[in-house]
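Enquirer: Residue strings, one per chain:
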Amino acid sequence: MAESAQAMAATSTRPEGLQGIAADWSSDQRAFKNVPWGKAMMWIFLLSDTFIFSCFLLSYMTVRSSTTVPWPPVSEIFALTIGGESIPLILIAIMTFILISSSGTMAMAVNFGYRRDRVKSAVLMLATAAFGAMFVGMQAFEWTKLIVEEGVRPWGNPFGAAQFGSSFFMITGFHGFHVSVGVIFLIIVARKVWRGDFDRNVRGFFTSRKGNYEVVEIMGLYWHFVDLVWVFIFAVFYLW
Amino acid sequence: MAHAEGQQHPIRVYLIIWAWLFVLSTFSYLVDYFHLQGYLRWSLILLFMTMKAGLIVAVFMHMMWERLALMYAILLPPVLVLVFVGIMVFESDYTFLTRDIFFRVGS
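Just so you know, the protein sequences line up as chains E and W, in that order.
For the first sequence, the numbering used here begins at 1 and goes up steadily by one.
For the second sequence, the numbering used here begins at 1001 and goes up steadily by one.
Hints are computed from structural coordinates only; laboratory data are not their basis.
Each residue gets a CB set at the ideal place from its N, CA and C atoms; glycine is no exception.
A hint or two may mislead.
[Claimed, not checked] Just the calculated beta-carbon pair ranges, DEER-fashion: (1) E/SER59 to W/LEU1068: 19 to 27 Å; (2) E/ARG191 to W/ARG1104: 58 to 66 Å; (3) W/HIS1009 to E/ILE188: 39 to 47 Å; (4) W/LEU1068 to E/SER180: 31 to 39 Å; (5) W/THR1098 to E/ARG191: 13 to 21 Å; (6) W/ARG1099 to E/GLU85: 36 to 44 Å; (7) E/MET138 to W/LEU1046: 22 to 30 Å; (8) W/GLN1037 to E/ALA31: 44 to 52 Å; (9) W/LEU1040 to E/ILE82: 42 to 50 Å.
Based on the sequences and whatever the hints tell you, model everything.
Expert: Written out as structure tokens, the structure is:
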């Protein structure tokens, strides 16, 4: 703790800009000055996760642009019939708005956490988890519709290029898994905040370390990343 | 330890960004809804995607308030993925060409 306070005090006198980068990275010291180690590690994990999702989207781009068979009409496949009228891509649009809303509630949960407003922070995190669960539920509905009604399989589908199925299940499946894990983590962190674990220095059940409200921000980083990945999937898979 | 806790920003900032994300998502949905095609479609999709991603990383993930050392360490490597994209564009063009020449004949 004293060490991090020292690092904090040191930042006010450190150079900014490119000189700051050189100063922060040079010689034997912590490169990331006013960032707790947990947050730095979450960022580095997210960086590696970025590469995983990049590889998925890249392989999707490669198979889509190298196939001679026409690509299935994505916006019609994900259309929903509401009130007797078929609206293209509406399910995906709703899922997008739900995930963005969950990001908004998460950002506010982090804020209230730092303000020591335990109840608001926990409730907002539970709302985030509820939005996330809603998203996964809609994804399950979408998968069921595609597999059972439309007959889409990873090795083929009735609409066109066979690569559509494998790309779709791989990319949205991996993203849905991230959302599901996020929901579980949100519930765990919300419970800790609710009970006031971070105010009473209770040790965690898994790491046996004392936590603090930075945990909420680290959780938030992960959740915003899940939303971020969806932004890219929505643009290049559903809209392209 | 009160001073050691960074990233305190007014709630209003988050609400404004939240609203913007809604607006931008609606715009990108409308691109599909109005059946825009060709370069206009792609450039609009990529524009809205980049803006949304930027807002999320900068404000929701607090990147704009971090030190430059962390910003560069995290944001620069993904940019290099664009090189990979370039390589795969060439590769898939070549694959498409060979498939077109050797598999489409007679069909």
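Enquirer: If a hint holds in the structure, say so; if it doesn't, say that too.
Expert: Taking the hints in turn, this is what the structure says about them:
A hinted range of 19 to 27 Å is violated for the C-beta pair E/SER59 and W/LEU1068, which are about 33 Å apart. For E/ARG191 paired with W/ARG1104, a C-beta distance near 59 Å keeps the hint of 58 to 66 Å intact. Between W/HIS1009 and E/ILE188 the beta carbon distance is about 25 Å. The supplied range of 39 to 47 Å is therefore violated. A C-beta distance of roughly 35 Å is found between W/LEU1068 and E/SER180, which places it inside the suggested range of 31 to 39 Å.
Between W/THR1098 and E/ARG191 the CB atoms are about 57 Å apart, so this pair departs from the stated range of 13 to 21 Å. A C-beta distance of roughly 39 Å is found between W/ARG1099 and E/GLU85, which places it inside the suggested range of 36 to 44 Å. Checked against the given bound of 22 to 30 Å, the beta carbons of E/MET138 and W/LEU1046, roughly 25 Å apart, stay inside it. For the pair W/GLN1037 and E/ALA31, the supplied restraint of 44 to 52 Å holds, since their beta-carbon distance comes to about 47 Å.
At roughly 28 Å, the beta carbons of W/LEU1040 and E/ILE82 sit outside the given window of 42 to 50 Å.
When the structure is compared with the earlier hints, violations turn up for hints 1, 3, 5, 9 and for no others.
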